[in-house]
Amino acid sequence: MQYRITHKTTWTYERPVTVCHYTARLEPRTLPQQSCPWHELHIHPQPTEKATRCDYFGNSSVYFEIEGSHESLEITAQSLVRLQQNAPVDSRATPAWELVRDACLADQLTPTAVAGEMCFASPLIPVDSVFAAYAKPSFPPGRPILEGVKDLNRRIFKDFAFDPTATDFATPVAKVLQQRRGVCQDFAQVMIACFRSLGLPARYVSGYLETLPPPGQPKLVGADASHAWVSVYCGDEVGWTDADPTNNVLPGSRHITLAWGRDFGDVSPLRGITIGAGEQVLQVSVDVLPVEV
Amino acid sequence: MSMPAQLPTGSAIPPSQAGGLLAGYVPQSGVWDEMLLPGGGIRPHWKAYARFLESVDAEEIGRRQSQMQKLLRDHGVTYNMYDDTRGAGRPWELDLLPLLLPQSEWQSVSVGLAQRARLLNAILADLYGAKTLLKRGLLPPALVHGNPGFLRGVSGVVPPGGKFLVRLGADLVRGLDGRWMVLADRLQAPSGNGYALENRLVLANVHAEEFNALGVRRLSDHYEVIKQMLQSLAPRARGGASIAMYTPGPYNETYFEHALKARYLGYPLVEGADLTVRDRRVHMKTLEGLRRVDVLIRHVDDVFADPLELEPNSMLGVAGLLEAWRSGSVALANGLGTKVVETPALHPFLPGLCRHLLAEELLLPSAPTWWCGQAREREMVLASPDRWVLKPAFVRGARDPIFLADLSPSDKASLLERLRSTPHDWIAQEALPLSTAPTLVRGRLEPRALVWRTFTVAGNDGYNTMPGGLSRVSPEPRRWIVTMRSGGISKDTWIIGDGAETVGPGVIQQAPTVIRPSRPPGAVPSRAADHLFWLGRYAERLETTVRVLRALLQRLFSERPAESNPEIRACLDLLKAMGFSSIGANIRNELREIIRDPKKDGSLSDLLGRIRFNASSARDRLSDDMWRLFNHLDRDGMLDRTSAGLSGAQDLLDSLVLDLTAFSGLQQENMTRGHGWRFLEIGKRIERGWQTLTLLQTASGSELGEEAVLPPLLEICDSSMTYRRMHFSRPSLLPAVDLLLLDESNPRSVAFQLQALGRQSARLPSDPTTDSGGRERQQTDALLSDLSGINLVSMAAAERDPRVELPALCQHLADSLEVLSDLLTEHFFSHAVRRVR
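If you read the sequences in order, they're chains A and B.
Numbering of the first sequence is given in my numbering, commencing with residue 1 and proceeding in unit increments.
Numbering of the second sequence is given in my numbering, commencing with residue 294 and proceeding in unit increments.
Since the hints were made in silico from the structure, they are not lab data.
A hint or two may mislead.
To be verified - Per the computed footprint, the stretches of chain A lying under chain B, defined by three or more beta-carbons under 8 Å from a beta-carbon of chain B, are: (1) 63-69; (2) 144-152; (3) 271-284.
Every residue, glycine too, gets a C-beta built ideally from N, C-alpha and C.
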């Protein structure tokens, strides 16, 4: 599949802003199953300073400053992304989850120990026995790890209600587990907390999902949204495998990966500090359009 | 760094035969005492000081003790606790006895510390670079990846000069064999060297004779090294690097020393709000616009330093600081992410890392430590838990070390369960019997457990350690936890020269003398000007409030019956005009509130708190005398809090008036006429003008009659005598208004304040990047012209009713003064911050 993605963010300020600082992680990653032949980032007003680097996790990160009075800020990221279907994995053939857990703590940087970096608590995702207790039924002793992942994915999908009014970006993961409501970001972080509390490495993935209109209706412009899911390490053979608990699927050719990190804080598509703006109005629109190859 | 194997035996004076303070000092047996040998003899480097201890009498000790307390109080030395309200400082605890160490011992410790600093810097460079230590198995990955101090955003940064670590604070303890060991390393914002300096300033004064006789190594050389090092760090290759001391602000526990060091080193003290990143370079917001900063001495913890990339809710940080550092345009002392090597979990690996990275043997050992992230060590702890002290490996200050043997069986079981589930979060140590140092407690010497914090900085050739440091002893006997947070007592540390050292002022390269530098010595940060402005306003508001209260109390407690004294009504009206509108029902209760209730807006306690806050926030701009006065003011304001009645209040008001007068005197006579002084002056003048107008507005419109209103009004405005000298008659309205409103020769008149404002607003700094300069000048000119348009003679002649016209006029002028205040705020101080995600 090939997609053309337009991600537009507009801030409108009550009072003119004289200076702001931002980081953007809006360029899709290049992966074995994903390529990004074209990407452009337009910022208006024109940044007075801009620097692009590759961050610790390999994501492209753009730093920019805007100095000079402005009343709105418009950031548009456009990308062309090609996706290939991954070869199917036989989940029953993956190693027992305990083997992966134990290999993470090797004293040297083996491939699994590298992945083991994602076993630890991170600023937004704690490690706690309540998450382990919730996850445990999916991981009986000796179960192949990917089997367990699929089961936990299904259970979170079934147990949690999608409810945009229930949480905001500051809602703690423990509270989401307790109230069993939230949005994709919450479900992803709950699932990561579950894996890490069992000692399994899991990371947070930000990206997009192509949504399909109801049958017979045209697709609306701007109807898509940023999305978030999980990647879990399933042993050296299979490596990182994605799971999307919001939709109970293992992502294939409709999930476009932007960036990954320990939690939302590492991959936030746009993070910024403005001074003296007063009230701010935010508008975000995302379009993921399939394009003929 | 160890003591010589053969300890010289001193002329053993059995403690019982020794005189003075030395008598009765008995260290615990089996524990290393700093002063006495196991047999009771005195260690050689203590002998000279011990003679003083033997000969001194209780009276002299008492005299020195109170001199020391007075100096600490006058300097306002505090160690803030976050739970104190309004940043009120806890007084600093200092022992009268210094810790004495011989030069030779210090020398070998400092060589070990220099090596340790090089080693830690090399570890940091590897962890944030190639990670070869992890790849080769020299350091377990979990120790780094599970360590919240490891900042991924720092990865790949090459700091200026390759230095992540510029300043190392290391806590040393002495083992039973006399060897010094490192208990803890402090890197992200090492504190204490300012307190060490303060301790020295005080004790060198109190023990002047002994200090000089012993040839104690001086600290000032070390501060010269610090200055040179900071200069050399500046990324821009040119003279006169711009260096600033970056503090979390007056609520921080060690704010006192940030301000002290800033003044001692001559660098501006800045908070996050004073700094801004433009073009990936750090700038300071000064009254004259943005000024580039080359080096920041950082006292803000790693994660709070940049809300853009680190903790997003930090109000202490600077957006873009990490990116600026990444770009190489600014040096940070220390670099960000240095907390990762503070963990004691690193201790067992240091000997191997030292061999690998430096090809040297580790000179200074660490306190024996086992990291539970390793299977064998974990099993050892779980096998015999009662032997061990557990500490969180990565979280500092969360709780004291946990002695497993002291826990109840259920607590122990649950702690061991946590240890099993997150083993990498814990370290184990054996309980260490620390060495003891003689400490003066209630007139006697007692042995107390000792921790010596040393300070090491990067110099031009290698690292250099302060000859001294901050020693701390436990607040209770037989207690082994020594931190300032848990109530420790500090000690000055004297390195006793043995005549062999050659380090002296000659070694330091002195910069050529500049008679008057072309550039002003550090522009004034906008925030400091803001605090000085409000310091001026609140000091003046306090004075007016005190004067009104004093006028009222004098009349309430006079021999003339209160019921028949209309002046009391007049005073109450004036007090109402100052914002205490509800007064009247129960005067005495309400007056008590106005004097003592810190929660009541505008009360004396409230105003003193605001003055204290603004003064401490501009601490580095105020002279020691000025600061002493604020401490005095605070104490005078406090004294009365315990007494319930109003009778003592008059004394309190009198002493406050005198303190405030002294403050004005110091401001006029002792402060350089820079912009800092200017904003203090403007604040005072605006407030005094505004208060006088408010009082005049009420008095001139009053229906109580001139004879009731004017005597208290003139008294409050300190103009009674002037009036009597000019008029020889009972006060009447228009002459009194003339004196308080229009008479330019009366320093209490509105005209006098406006003249002063006119002079100062013409000298306000102009910021070339904005065009709004001059608006303050225009506003002041408009006020002056309004004032000169007032003609009291024609008002009297035209038989217009002054009781209607004057209040309206006063209101108009007061409003215009508030506009001036707003203009200044908008132009010079405005730092509204709002964060988005």
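### Query
When the hints from earlier in the document are held up against this structure, which numbers fail?
Hint check: 2 fails alone, others pass.
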